[in-house]
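Chains as they are written, first to last, in this note's numbering: chain D, 1 to 318; chain W, 1 to 318; chain E, 1 to 318; chain Y, 1 to 318.
The set of hints was computed from the structure by calculation and includes no laboratory data.
Everything numeric in this text was worked out from a predicted model, so none of it was measured.
There is no bait here: all hints are sound.
The list makes no distinction among identical chains, and a pair is therefore deemed to hold if it is satisfied within one copy or across any two copies.
Keeping only pairs whose Cα atoms sit at most 20 Å apart, straight-line, the calculated EDC-like set for lysine to aspartate or glutamate is:
1) K289 - E307
2) K208 - E48
3) K314 - E48
4) K50 - D157
5) K302 - D98
6) K289 - D308
7) K209 - E48
8) K304 - D288
9) K304 - E221
10) K50 - E205
11) K289 - D303
12) K314 - E272
There are 4 protein chains.
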Amino acid sequence: MLTSGGDAPGMNAAIRSVVRTGLYYGLEVYGIVRGYHGMVNDDIFQMESKSVANIIQRGGTILKSARCMEFFTPEGRQKAYDNLLKRGIEGLIVIGGDGSFTGALKLSTEFGFPVIGLPGTIDKDLYGSDFTIGFDTAVNTAIDAIDKIRDTADAHDRLFIVEVMGRHAGYLALHSGIATGAENILIPESETHIDDVIASLSEKEKRKKLVNLIVVAEGDEFGGAMEVAKVVRERLPQMDTRVSILGHIQRGGAPTCIDRILASRVGFHAVESLIQGRFNVMVGIINDKIAYTPLEIAIREKDKINEDWLRMVKILSS
Amino acid sequence: MLTSGGDAPGMNAAIRSVVRTGLYYGLEVYGIVRGYHGMVNDDIFQMESKSVANIIQRGGTILKSARCMEFFTPEGRQKAYDNLLKRGIEGLIVIGGDGSFTGALKLSTEFGFPVIGLPGTIDKDLYGSDFTIGFDTAVNTAIDAIDKIRDTADAHDRLFIVEVMGRHAGYLALHSGIATGAENILIPESETHIDDVIASLSEKEKRKKLVNLIVVAEGDEFGGAMEVAKVVRERLPQMDTRVSILGHIQRGGAPTCIDRILASRVGFHAVESLIQGRFNVMVGIINDKIAYTPLEIAIREKDKINEDWLRMVKILSS
Amino acid sequence: MLTSGGDAPGMNAAIRSVVRTGLYYGLEVYGIVRGYHGMVNDDIFQMESKSVANIIQRGGTILKSARCMEFFTPEGRQKAYDNLLKRGIEGLIVIGGDGSFTGALKLSTEFGFPVIGLPGTIDKDLYGSDFTIGFDTAVNTAIDAIDKIRDTADAHDRLFIVEVMGRHAGYLALHSGIATGAENILIPESETHIDDVIASLSEKEKRKKLVNLIVVAEGDEFGGAMEVAKVVRERLPQMDTRVSILGHIQRGGAPTCIDRILASRVGFHAVESLIQGRFNVMVGIINDKIAYTPLEIAIREKDKINEDWLRMVKILSS
Amino acid sequence: MLTSGGDAPGMNAAIRSVVRTGLYYGLEVYGIVRGYHGMVNDDIFQMESKSVANIIQRGGTILKSARCMEFFTPEGRQKAYDNLLKRGIEGLIVIGGDGSFTGALKLSTEFGFPVIGLPGTIDKDLYGSDFTIGFDTAVNTAIDAIDKIRDTADAHDRLFIVEVMGRHAGYLALHSGIATGAENILIPESETHIDDVIASLSEKEKRKKLVNLIVVAEGDEFGGAMEVAKVVRERLPQMDTRVSILGHIQRGGAPTCIDRILASRVGFHAVESLIQGRFNVMVGIINDKIAYTPLEIAIREKDKINEDWLRMVKILSS
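Please build the complete structure, drawing on both the sequences and the hints.
Below, the structure written as structure tokens:
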């Protein structure tokens, strides 16, 4: 097992679940340190029940994560594969996002090695699971921060433009924006019409609604919070406009209940799935049921943003 | 609109959503204070967009809640109905649990008054919605408290028996127990075999696993945390056994993202449903889609506890 | 070094500070596991800088705590002393409360062994330090819980009687009561006049102030929250009166800034003090300056409750 | 009473205290909306006990804050003074920082109007009070955020450079840096030697200590986090260096116990001080006792950073 890519709260709960379930079924369980880097460099250790005591509530990942250039080369992957082989390892569980799954697929394709992916990313940009490990925690961290910003926005009658994470997906922005009553939510999945944003701010100013909040996904096609603020300041110079970029705080912290249970469930079923000979899939949860999605589909396909939600945002923030 | 029964975090987000959606569609929206008590005693006021500013993140309910004996009598209900009628009120949205819905059904049956229920209870004991407003917040409050108790349990090698709310339903106990890695979870939906609990504690003691956690639902058929502790202390007197009853802190606090979005969505659709002439239903969310369940079924039917979860608890806590 | 007595948030920050400072000065630093129990039973290990990495923010104590009957006997203490001696240990730092300091004094009196105490107790019942390690965290945990209870009290117009820890000292009750706007605060240091409490509740009821909060110290001479509730229910049966006992959640959680800095400072100066040959003292902070108080005085003397505060409580809650 | 300048958590607790104390002594209490702006524009309203119900725990300020250019002119101040006079207002309590106090002094100098300042700023840059209202909350918000960043730093072996608020004062950086175990803390009060910072990072890298944290005050004379990161990336390009600017989240949130009690105490004594005819002072707390400092001194003088703390930082982070 390894964790790879950006860390996400709940990864430790998944690690605990894989270890405990594996041991229960009489397997040997190995942890690979720093993702594919540890696989190439043979930084691998056997895990016991004690290795995962008291970690279910911790953010980050005890197996650490890192980028690994060497794994992109055939020689690197051969070394990695040899390291698995010499320990008699028969299957790999990868907790991470699409980049991590792409690496796993290489192992599967080139060496026929059985791999399973667990959706571990705060961005919720994988196909095949309603939630991903870390998303619910990240979105709650974001709304906690935005609630605090609301306090100060309200005290000063300010417009705040808050940027949340999400390079390719707007879920964090959409969920945190609805949950904090944002007037506008700008996400990559829907085109940003800056004129409409300005018009709605102008109209609110006329109604003396001076406290306003715009939530922007880092990857919005119009640009991040700074770009939006630039236009607002040019066209509505009388507004007291501030920018806040939440940044890395969204990755950390104790995982929420949703993330701990999701991580526990998919970790549990990943081990059972390996034992049953079902692999090259991501284990996710759809409609509260365990779902197995081929890794290449989990990476390639995208969920659609619910149009009904965008309609609701307009009505509730009016 | 009224809130009734035990308050639940997210009720204010639902109130905000109903008001804003109603105003958007050109309706007049009235708030009834203290549930059926305010309806009988004519404590009703018209709500504007400003009435619900800055409440999406607040626990409790700005419409307050109370018990009302008078509404149980035909005379009381007649007074209540007259108060609605004289303002030209044409439909009622009730945010609460099964007791609150029973009251709404009376209005519907006796006077043909259109009612809609929104699932507002931390217990998650209604049929027709995967989540209820307040449940996710309550369970996260519980795990935050249990994480703190773990710190002290760990420092002293103690067994903690923690009682969470849930008079008829074990969801709070089940979710918070899994999320905190509890060794045993005792809920009303599955029979408690106290001999098995004692045996598992004994076995763990032999393995020098001294820090243990049992989560008990207040309504477990064996009894609450005190009863369990009594038996443990008799049969395993050498263990350092402590009890903690979480109590009312589980009801309060800023709602989580899940609860705010759930409340916003069902509030939004409740108004649209009334406009469309669909009523005497509870508006819930099943598999991420809006679901309309007749009120009498929402009250009467019960969801089943997932057997797979109970199997997982056994394996992960071993 | 050992931790003893009830655990308190910030103990780990103190341990980190002692270890790092000791290593900086070229000392060998040993951790004793489970307080005097580990000293008697030779559960002692050498600590490195890595032993204390990433613990400054953790609740509980990595050195654990336990009661030890054997240490109360001369034989037990002889064994403990021999265990220190055989490792060449030349001084002991004890993090705990008055019980823990009493044990340290025994070692000092009987064997002339140099000891230093650090004030580690959530009760703030030691003389010689304005704050004790853990108090600020515990009081913030309490007010966070009481804020949540306020939400539900406010929704239902209830009287809540909340019991906080403090068997002999009312500081937790006094601070958390002021900080949450409690109408009455009952502490062991001042006599409880239950008739005055009832009168003030009656008077508030007349003014339609229905939401009320009483904070009671567990060790109030009148009795805990249950006893107070009993009287209130007898004499004001029309009030909706609820009890909440906060219990063990007050001990856990990540320490606040105050507790981390206090712990770091006293740990740092404890080591310097040992090196300088100043011992049999508690290292505390008075008026933001390091203060050395003989251990027997730290145990015996008591701070006075500020009368000005009690006067303020009356006025602000009116 | 007015609040002015940047908002700070605890301002509402101070407002509540002033109102309740004033009413207790039979005074009429007026709230001025948006600071000096409301004073010039006659946005003033009478406050009752109910006006301040349930606000002790809220961030922000219910009286709002704003800049006011007009008050900088003699005509503006005359209008402001007339507005006070026509209501028979006999004294002014200003909650804010040095800018706000400067305004109050103008009123005092030009019109002989009695004013009192309460230290309300998260920066703790006023002379005459050990703490200022909002500082303890802001620093705890900062350490909570940095703890989260630590999770992700630890997972990826990264160097994080975190910028906290403090344009002229390094207290937020110093306290939050010590509390999170930062390796380097850069503040305006002590000269930043960037070569030393680089050297210490290099040395740590050699010891394979890869997770590092630098906390920088926004107003450090070397520049903010971006400037520091630029130099580190040039000279230590192999390090994985990230920047996080905490920004406005530090201003909001429910106040801590320290801030609520401080605000309550100084608000209480401000009213008593006005009644006793003591004014043109800031009411602060020094060594746990109420202290009255002439406003011009509170603005002009500066506390010294404790050299002992800086020595400790070096030793504990080694």
